[in-house]
Amino acid sequence: MIVEQVVPTAARVDLSEALEALRTPAPPLAPFSDAVIGFCADFSRRLFRDEQSLRFPELQALAFWMRKAELVRLGQDFERLKTAGTVLVPRGLVFHVPPANVDTIFVYSWLVSVLTGNRNVIRLSPRASEQTVILCRIFNETLLAAPSELSDNTVMFRYGHEREITQEISTCADVRVLWGGDASVNALRSVPLPPHAKELTFPDRYSFSAIRARRYNQADLPRRQRLAGEFFNDLFWFDQMACSSPRLLIWLGEPDETSAASSEFLHLLQTYAEQRGYRVQPQTRLNRFAFACRAALDEKAVRYQDLKELIVLDIEDFQHFTRDHCGGGLLFQYRIPELEELETFVSRRDQTLTYFGFDIPELENLASRLRGLDRIVPIGQALNFNRFWDGYDLFQELTRHVCVA
Amino acid sequence: MNFDDLLSAPQYSLAQTRKETELTPQFNELTRHHRLHCPPYDRLLSVMYPGLGDAGSLADIPFIPISLFKTHRLSSIPESDVFKTLTSSGTSGQQVSQIVLDRETARRQTIALSRIMTSVLGPERLPMILVESEAILKDRLRFNARAAGVLGMMNFGRKHFYALNDAMELDEPGLRSFLDEYGGKPFLIFGFTFMVWQYLFLRIAHLGLDLSQGILVHSGGWKKLEEMAVGNPEFRRRIADSTGLTRIYNFYGMAEQVGSVFLEGDDGFLYPPNFGDIIVRDPLTFREQPVGEPGVIQVLSLLPSSYPGHSILTEDMGVIRGIDDSTCNRAGKYFSVLGRVPQAELRGCSDVHASQVSA
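Heads up: the sequence lines are chains U and F, in that order.
Using this note's numbering, the letters of the first sequence map in sequence onto residues 1 to 405.
Using this note's numbering, the letters of the second sequence map in sequence onto residues 406 to 764.
One thing to keep in mind: the hints can contain errors.
[To be verified] Computed list of lysine to aspartate or glutamate pairs in EDC-like fashion (alpha-carbon distance at most 20 Å, straight line):
| hint | chain 1 | residue 1 | chain 2 | residue 2 |
| --- | --- | --- | --- | --- |
| 1 | U | Lys300 | F | Asp465 |
| 2 | U | Lys308 | F | Glu693 |
| 3 | U | Lys308 | F | Asp687 |
| 4 | U | Lys198 | U | Asp220 |
| 5 | U | Lys308 | U | Glu338 |
| 6 | U | Lys308 | U | Glu364 |
| 7 | U | Lys308 | F | Asp447 |
If you are wondering where the hints come from, they were derived from the structure by calculation, not from laboratory data.
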C-alpha cells in the first residue's frame with residue numbers, strides 16, 4: 001500500500017516498509033533524556049522564531065509550553081513517579097489519530113509521547129489546517145538538525161478514511177490515541193489492536209464556567225476587567241469549538257447578587273471583545289442566530305441578549321437543557337443558589353469547569369462527588385494543556401512500570 | 406389596498422413609500438395571526454424580540470431564519486386543515502424544509518405566481534418547452550419543491566414538450582419539430598438555470614436554431630454556473646447571440662415562500678412583487694444595508710397564512726441596486742443575488758459539529 005508521508009520527509013512511501021523501519025529501531029530512548037529534551041526545546045525555539053508560526057497564537061502557546069525551563073520542570077515531575085523497585089520505560093509505538101479539522105490540541109499528547117521516549121505515527125487528515133502544515137514543516141526542520149537516535153522518532157501520514165491504512169498501522173501500535181467526535185472515535189475503536197496494546201480516547205466533551213456572584217461583586221474593577229479578558233480568551237480562542245471552551249456560565253448566589261454581577265460581567269466582556277476586534281464570520285453569525293431561535297422554540301432558553309460578538313441565552317432550569325451547541329460565540333447562562341445543584345447536572349461528558357470565587361477545598365470536595373469533570377481550573381486556563389487531561393495522567397499512560405526486585 | 410387589490414394592481418407598480426404604507430399594517434396583522442395560531446412561533450418571538458409591538462416599517466418586522474423550517478414543522482392551522490406539506494432539499498443538506506399549506510395559502514400562491522408570470526408572458530397560455538425529463542413528475546418519492554416548481558410553471562403553457570430524456574439527453578428531433586410547429590410565434594421555455602445552460606443551450610449553441618420568439622423563464626441559482634465562470638450577463642448574451650432568444654427572465658424564489666418570486670426585469674435585476682419585499686441586512690449586525698451594500702437577504706411575503714413564513718432571513722447574499730429608479734419602468738426596490746453566505750469552518754478539537762445548523 002502506498003501512502004503519502006508528510007514527516008520526516010514529504011514522499012509517497014510503501015506503508016509496510018515504513019512501519020517495518022519503525023518496528024526495528026535502536027534501543028528505546030530514555031524518557032526525558034537530554035537528547036529528547038534538547039530536541040523538544042529546539043522545536044520550541046523554532047516555533048518561536050518562525051515567521052509563519054508567529055501569526056498563530058496557539059502555536060506560540062505550544063512553543064511556550066515546550067520551552068526549555070518547562071521541559072526541565074516536567075522532567076522533575078516525571079522523576080517523582082519513579083518508585084523503589086520500578087523502572088519507567090516508554091510503551092513503544094504510539095499511533096495518534098487527531099480529528100479531521102485538527103487544531104493543535106492533539107500536538108500536546110504527541111509531545112508528551114515524544115518526551116516519554118515513545119516513537120510515533122500520526123494520521124493527518126487531508127483537511128489539515130494551515131497551522132498543522134506549518135507545524136509539520138518546522139518539525140521536519142527540527143528533525144534534520146536532531147541527533148540520529150531521534151531521526152526516526154515520528155512519522156506522519158496524510159490520508160482520508162481508508163480503514164486499511166488505519167488497520168495496518170494499528171497492528172504495530174502499543175498505544176493508540178484517538179481524538180475526535182464520538183462517532184469517529186467509535187468507528188476507529190472497532191479497528192483491532194494487538195492484544196497487549198492500550199487505547200486513550202479523547203471524544204466529544206462539554207465544558208462550562210462558574211462564578212460566585214458575591215466574590216465577583218467584591219472584586220475590584222481591574223480584577224473584574226482582567227477576568228473578562230481571561231474568560232474571552234477561554235471562549236473564543238478556538239471559535240468556542242475546543243472541548244474545553246466554556247459554553248455555559250453558571251452564577252452562584254442570590255438573584256440580586258447574580259443579576260448585578262452578570263450584567264456587569266457581560267458588559268465588560270463585550271467591551272473587551274470590541275477592543276480585541278473579534279469578528280465572527282457571517283455564516284457563524286447566522287448559525288448562532290438560528291441556534292438561538294431553536295433554543296427559544298424548544299423552550300430551552302427564556303431570554304436572549306445579542307452582544308454582537310456574543311449571544312447570551314438564559315436558561316431557567318437544567319431539566320430542558322441539552323448540551324447541544326453551535327460554537328462561535330454563544331453562551332448559556334444559568335443561576336444556581338447552591339453549588340450542590342451541580343451534582344445532578346454534571347455528567348461524564350463534562351470535561352472542564354473554569355471558575356472564579358471558589359476555594360480549593362470546596363472544589364476538591366465537589367470533584368469527589370461528581371460523575372464527570374476532569375479538570376477544575378481558574379477562568380483563563382481552560383485551554384492550558386497539562387499532563388492530566390480527560391482524567392488521564394499521560395506520563396503514566398505512555399510508559400510501562402517495569403518491576404525490578 | 407388589501408391583498409386582492411395588491412394582486413390585481415399591475416405588478417411592480419408601487420413606489421417604495423407607498424408600498425411601506427400599504428404593506429406594513431398587513432404584515433403586522435400576519436405576525437399577530439401567526440403568534441396567535443402557532444405557539445412555538447409566539448414563544449420564539451417573545452424570547453428573541455422581547456416587548457415587540459407593531460412594526461413601524463417593513464424593516465422592523467421580525468424575521469426568523471430559513472433553516473428553522475428544516476428542523477421544525479411550524480404550522481398556524483389545525484392538522485385537519487393541512488392540504489399538503491411541501492418539502493424541499495436545500496443545497497447542502499439531508500434535512501428538508503417542511504412547509505405546511507392549507508387550501509387557502511395554496512390558492513393564494515397559485516394566483517400570486519400567475520399575476521407575476523403573466524406580467525411578462527401575457528394572458529395567453531403559450532406552447533411550452535420544459536428543460537426537464539418527464540420523470541421528475543412521475544417519481545412521487547422525490548416529489549419536492551423542484552417538481553412543485555415545474556408543475557406550477559406548467560400552468561402557464563400548453564402543448565408541453567419535455568426536452569430531456571431520463572438520462573438528461575436532449576431530444577433534438579423533438580425540439581426541431583416543436584420549433585417547426587410553434588417557433589414562429591411566442592412560446593415559453595422553462596427550466597432550472599443550470600439545466601437550461603448545460604443540457605439545452607450548450608447542446609444547441611452550434612445548431613443555428615431560431616429561438617427568437619421564445620420567452621425563457623429560469624430559476625434555481627447560479628452556483629454551478631459560477632463555478633464555470635458564467636454569470637448572468639454572459640448567460641443572457643451568449644444565449645441571445647447563438648439563438649436569437651432575448652426575452653430571458655430569471656427569478657429568485659424558495660420553497661419557504663412559494664408563489665412569491667422575484668422576477669427579473671429587462672435590466673437583469675430582480676423585482677419584488679406588490680405583495681412582498683426584500684431587505685438586505687448586514688450579516689454581522691443585522692442592520693438594514695443601504696443601496697449598493699451587500700448583505701444577507703430577508704424576504705417578505707403576504708402569502709403565507711398557514712405557516713409563519715411571511716418574514717424569513719435567508720442564507721443568501723444580495724445587494725439592493727436601486728429604489729424607484731429602474732430603467733425598465735418598474736417601481737420599488739430592485740436587487741441582485743450574490744450567492745450563498747460563505748461557509749465558515751469552525752475549528753476545534755471535535756470533528757463532528759453535532760449542532761451545526763446550516764444546510
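To see whether the hints hold, each was checked on the structure:
no.	hint	verdict
1	Lys300/U - Asp465/F	26 Å, violated
2	Lys308/U - Glu693/F	15 Å, holds
3	Lys308/U - Asp687/F	12 Å, holds
4	Lys198/U - Asp220/U	49 Å, violated
5	Lys308/U - Glu338/U	31 Å, violated
6	Lys308/U - Glu364/U	37 Å, violated
7	Lys308/U - Asp447/F	24 Å, violated
In this structure, the earlier hints numbered 1, 4, 5, 6 and 7 are contradicted, and the remaining ones agree with it.
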